[in-house]
Amino acid sequence: MRSLTVIVVLLHLCDDDGLCTEVCERGSVEIDVWLSNAIKTQLQLVRRLPFCLAVLLGTHNSAITLADGYANRDEYFQLYFKWIRWVSSDSTLRTNDQYFSLTDQLNMGVRAVELDTHWVEGELRIAHCGGFHAAPFNVLIRAVNVVASLLGHPIHWDTETVGCNPSLSSIPVTMQRSFADALAELSTWLALPENKEEFLVVFLDDQMDLQTWGFLPQLMKEIQDGFPAGSIYTPPDHAKHGNVLWPSINDLLLDGKRVMFVSGEDYGPAMAPLIFERNNGTVCNWQEPPLADFDGTPDCVADRRPLFPGDRHTLTGTLFRVTTCELLYGPLNCNFIWKSDNLPILDELSLPAVAACGVNMPCPDLLTPERAAATIWSWAPGEPYGIAAAHARPTIWQRALQWLAVALSRHPDSSQREAGYWPMGKGGVAQMAQHLMCRITPKRIWRFRGSSRDQGLRQRGYRCKTGASQPIS
5 MRSLTVIVVL LHLCDDDGLC TEVCERGSVE IDVWLSNAIK TQLQLVRRLP
55 FCLAVLLGTH NSAITLADGY ANRDEYFQLY FKWIRWVSSD STLRTNDQYF
105 SLTDQLNMGV RAVELDTHWV EGELRIAHCG GFHAAPFNVL IRAVNVVASL
155 LGHPIHWDTE TVGCNPSLSS IPVTMQRSFA DALAELSTWL ALPENKEEFL
205 VVFLDDQMDL QTWGFLPQLM KEIQDGFPAG SIYTPPDHAK HGNVLWPSIN
255 DLLLDGKRVM FVSGEDYGPA MAPLIFERNN GTVCNWQEPP LADFDGTPDC
305 VADRRPLFPG DRHTLTGTLF RVTTCELLYG PLNCNFIWKS DNLPILDELS
355 LPAVAACGVN MPCPDLLTPE RAAATIWSWA PGEPYGIAAA HARPTIWQRA
405 LQWLAVALSR HPDSSQREAG YWPMGKGGVA QMAQHLMCRI TPKRIWRFRG
455 SSRDQGLRQR GYRCKTGASQ PIS
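One point on numbering: in our numbering, the residue at position 467 of the sequence shown is 471, and numbering is uninterrupted.
Source of the hints: derived by calculation from the structure; they are not laboratory data. One should not assume that every hint holds.
In the BS3-like style, the derived pairs of lysine-lysine whose C-alpha atoms are separated by at most 27 Å in a straight line are [claimed, not checked]: (1) LYS244 to LYS261; (2) LYS225 to LYS200; (3) LYS86 to LYS343; (4) LYS200 to LYS244; (5) LYS225 to LYS244; (6) LYS261 to LYS225; (7) LYS261 to LYS44; (8) LYS200 to LYS261; (9) LYS200 to LYS44.
Here are the simulated distance ranges between beta carbons [stated by the list, open to error]: (10) PRO310 to GLY218: 38 to 44 Å; (11) LEU258 to HIS16: 29 to 35 Å; (12) PRO310 to LYS343: 26 to 32 Å; (13) ALA296 to VAL37: 34 to 40 Å; (14) SER92 to LEU257: 30 to 36 Å; (15) PRO310 to PRO385: 27 to 33 Å; (16) PRO240 to ALA195: 22 to 28 Å; (17) ASN254 to ALA296: 18 to 24 Å; (18) GLU292 to GLU352: 29 to 35 Å; (19) GLY246 to CYS18: 51 to 57 Å; (20) MET179 to PRO335: 35 to 41 Å; (21) LYS343 to GLU127: 46 to 52 Å; (22) GLU352 to HIS245: 35 to 41 Å; (23) VAL37 to LEU353: 23 to 29 Å.
All residues carry an ideal CB built from backbone N, CA and C; glycine is no exception.
With the hints as constraints, model all of the structure from the sequences given.
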């Protein structure tokens, strides 16, 4: 794995009590030139594919970032461990899922963002809660709330709110950033001229509380206010495609679409005009298998659980989003299991196999440039180098799953293309996109043959046969 030098601008972020943490200023992470170019190349190719075959780097709990003050008090609270006999003094408290801002994550190639969205202290905020459910206590809270509402003082709190209020992210409750502010950061990034061809998927980790308490309209209003009119790809837009075939990202961009929203909850018809629902199968039969059930190359089985619904292999039209968590609460892991680690995790060691198999949305915690680089399957580190010879034909050579830039005396012929040589330039890269789909994953891409999805691929120029590829017509 190539070692990347990370250059950032540091600043001190302090909370209302004067406790401070050194963080990286938003947008200050300098991305290695090779990594930036490789990200750009991969996304150019991915945008040509039907959405259900696209591979988009994501992050887990993307906005729970140290850069925005989450985990600001971790080191302070960690000092308390030495006074607790049953907790090791060197136990780690880590309550931020990400180090860097949303802007920096996007610059590192992230195109699938997760926003933990909850109603906290009078507004929609980015907060980490929802994992704790105590049904009997919630029944009591609802009963009390009936009386409180009659008296004009409704209670917007239950056990699902534990972690948001009080916050388990080592940050004062009211300093948890607003949902609108997070959307504004995404919208600002999309509006930059250099990002005019980018498309984002925003997954909302939310709770049914939003509908129960009557705040779903507020959620939808803030989404609509956050992005230009017509730029959000919605369920009604998708209905125009018959709710079966998903267009490519390039197709969406041609229609002026820049972002889509997917909710982890089903709010019924009220959400249908704007937000997709994760579990109803509309979004490429969206699945979220654990990394522990992933089996890498050559089989590329995304989920080995016996009751998994549908095709288990990657690149067959099912969208696989795989997340891992690295939060630590002293002796407890991310799932509050005593003295247990968070393994397996998506990191520099595991991400290359996940990327090689085409998992649609690998979403690690603690994304760094090194972890982003581990998802690169296009240019080999340091490539492409400059080809100075006047007679040289700039050519891409695919070695294993990464590319090198080489110089040939003439453009590669058909036999050389089968050996992995492709001319540089718009036409060559377009053909190589098809070649990669057919050559690297022939047995999985062939699962489309004879189906309506295969027809959708053919309409976009992808025609595969065993062991080879045909030119794009």
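* So which of those numbered hints doesn't the model satisfy? -> 11, 14, 15, 17, 18, 20, 21
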